[in-house]
Amino acid sequence: MLLSRLSKSLENNSYRPQVGESAAFVRSDDPNLFGPDKYQIEDETSGPNAPDLEFMGIAAGVVEQTVSSLIPCPAITLFIVALRLLFSHLNPGEFFFNQQCNLDRKVVES
Amino acid sequence: MSLFLSKTISCFNLVTKFRYLEKPNDLAVLVRGFKLLIKVSKAEPLASALKKIDHELLDHDLDLDRVSDETLEKEVRQRIETLYHPTSTCRMAKLEDGGVVDAQLRVHGLENVRIADASIFPRIPAGHTVSVIRFCIEFLLRLFAFFRPRPFLQLLKRLLIS
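So the sequence lines, in the order shown, correspond to chains W and E. Residues in the first sequence are numbered from 1 upward in steps of one, following our numbering. Residues in the second sequence are numbered from 111 upward in steps of one, following our numbering.
Mixed in with the good hints there might be a few duds.
[As the list claims (entries may be wrong)] Distance ranges between label pairs, derived from CB positions:
(1) F245(E) / K38(W): 37 to 47 Å
(2) K38(W) / Y194(E): 30 to 40 Å
(3) P74(W) / R129(E): 31 to 41 Å
(4) K38(W) / R252(E): 47 to 57 Å
(5) C73(W) / G219(E): 55 to 65 Å
(6) K162(E) / P48(W): 57 to 67 Å
[What the hints assert, rightly or not] Covered stretches of chain W, as calculated for chain E (at least 3 residues, CB under 8 Å):
(7) 26-38
(8) 47-53
(9) 77-86
[What the hints assert, rightly or not] Residues from chain E that face chain W, not an exhaustive set, calculated with beta carbons under 8 Å:
(10) N135
(11) L168
(12) D171
(13) V242
Rather than coming from a laboratory, the hints here were simulated on the basis of the structure. Note that CB positions come from ideal geometry on N, CA and C, so glycine has one too.
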């Protein structure tokens with residue numbers, strides 16, 4: 001359905017890609033962008049000019065990054081992406097099943 | 111013989127706990143980012159293009175002069191989501207530092223098992239992960255080219271042994 005709409009808009013020459021396209025990369029310790037506050041940002045970037053925040057926009061109102069979460073009124077969404085999080089290498093996450101799961105019931109065929 | 115899990119397993123969802131915002135620095139970076147979002151939305155030419163519509167999910171009331179850092183921290187904790195670029199689950203580091211593979215992409219303790227994908231990144235890169243994965247594959251191919259069996263040398267060895 002999306003493809004047919006896309007092809008129609010391509011035929012009408014009205015296709016404008018507008019989903020999550022505008023992006024800018026900034027540093028969170030940039031004194032030109034952020035005034036003084038209580039936070040002492042540790043430099044976790046890969047270099048003096050490397051970013052740790054990505055600024056993006058979507059030409060629709062969404063609650064999450066899914067099509068099903070569209071807000072039914074004209075809106076734009078601005079969001080920020082933290083690029084260099086610490087948790088990823090210092091504290092490994094966990095995997096578990098959301099219900100009690102009988103993993104020991106394996107089926108063995110011989 | 112074959113070994114597989116019973117069908118009932120498919121009704122359970124695997125839950126991943128990434129431990130977001132466990133470090134205070136991560137929260138501070140995101141709060142600064144939130145401030146940038148508010149600043150941009152209040153700046154021209156965007157500010158004059160926006161009209162106020164009453165909807166519970168739209169942010170018209172966020173203003174940096176009125177909102178405290180604590181409120182922004184709460185908002186960040188409520189609104190955060192992942193962009194599904196998980197990496198570094200088998201990170202390249204020493205065994206005592208919690209690493210899984212060494213600089214030759216070999217799993218520690220295993221001679222012939224190598225990993226080349228996003229799981230070996232020591233840190234998540236600031237750009238898209240796919241370009242770094244391509245470099246990983248390139249590096250792996252070069253390793254294989256270096257260690258490949260050389261037919262001429264093998265022939266020479268056979269001749270010498272015989």
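Status of the hints after comparison with the structure:
1. For F245(E) and K38(W), the Cβ-Cβ distance of about 39 Å falls inside the hinted range of 37 to 47 Å, so the restraint holds.
2. For the pair K38(W) and Y194(E), the beta carbons lie near 32 Å from each other, so the given range of 30 to 40 Å is met.
3. For the pair P74(W) and R129(E), the supplied restraint of 31 to 41 Å holds, since their beta-carbon distance comes to about 37 Å.
4. At about 48 Å, the CB distance of K38(W) to R252(E) agrees with the hint of 47 to 57 Å.
5. A beta carbon spacing of about 57 Å between C73(W) and G219(E) agrees with the range 55 to 65 Å that was offered as a hint.
6. Roughly 41 Å separates the CB atoms of K162(E) and P48(W), a value that falls outside the hinted 57 to 67 Å.
7. Counting residues of the region 26-38 of chain W whose C-beta sits closer than 8 Å to any C-beta of chain E gives 6, which meets the bar of three, so the coverage hint holds.
8. Evaluation of the coverage hint for the region 47-53 of chain W: fulfilled, as 4 residues show C-beta separations to chain E shorter than 8 Å, against a requirement of three.
9. With 9 residues bearing a CB less than 8 Å from a CB of chain E, the region 77-86 of chain W meets the requirement of three and the coverage assertion stands.
10. Look at N135(E): its Cβ gets to within about 5 Å of chain W, closer than 8 Å, so that hint holds up.
11. With 8 Å as the threshold, the beta carbon of L168(E) comes within range of chain W, its nearest partner Cβ sitting at about 6 Å, so the hint holds.
12. For D171(E), the interface hint is violated, the least distance from its beta-carbon to any beta-carbon of chain W being 15 Å, above 8 Å.
13. A hinted interface residue such as V242(E) counts as satisfied when its beta carbon comes closer than 8 Å to some beta carbon of chain W; here the least separation is about 11 Å, so the hint is violated.
This entry does not satisfy hints 6, 12 and 13, going by the numbered hints stated previously.
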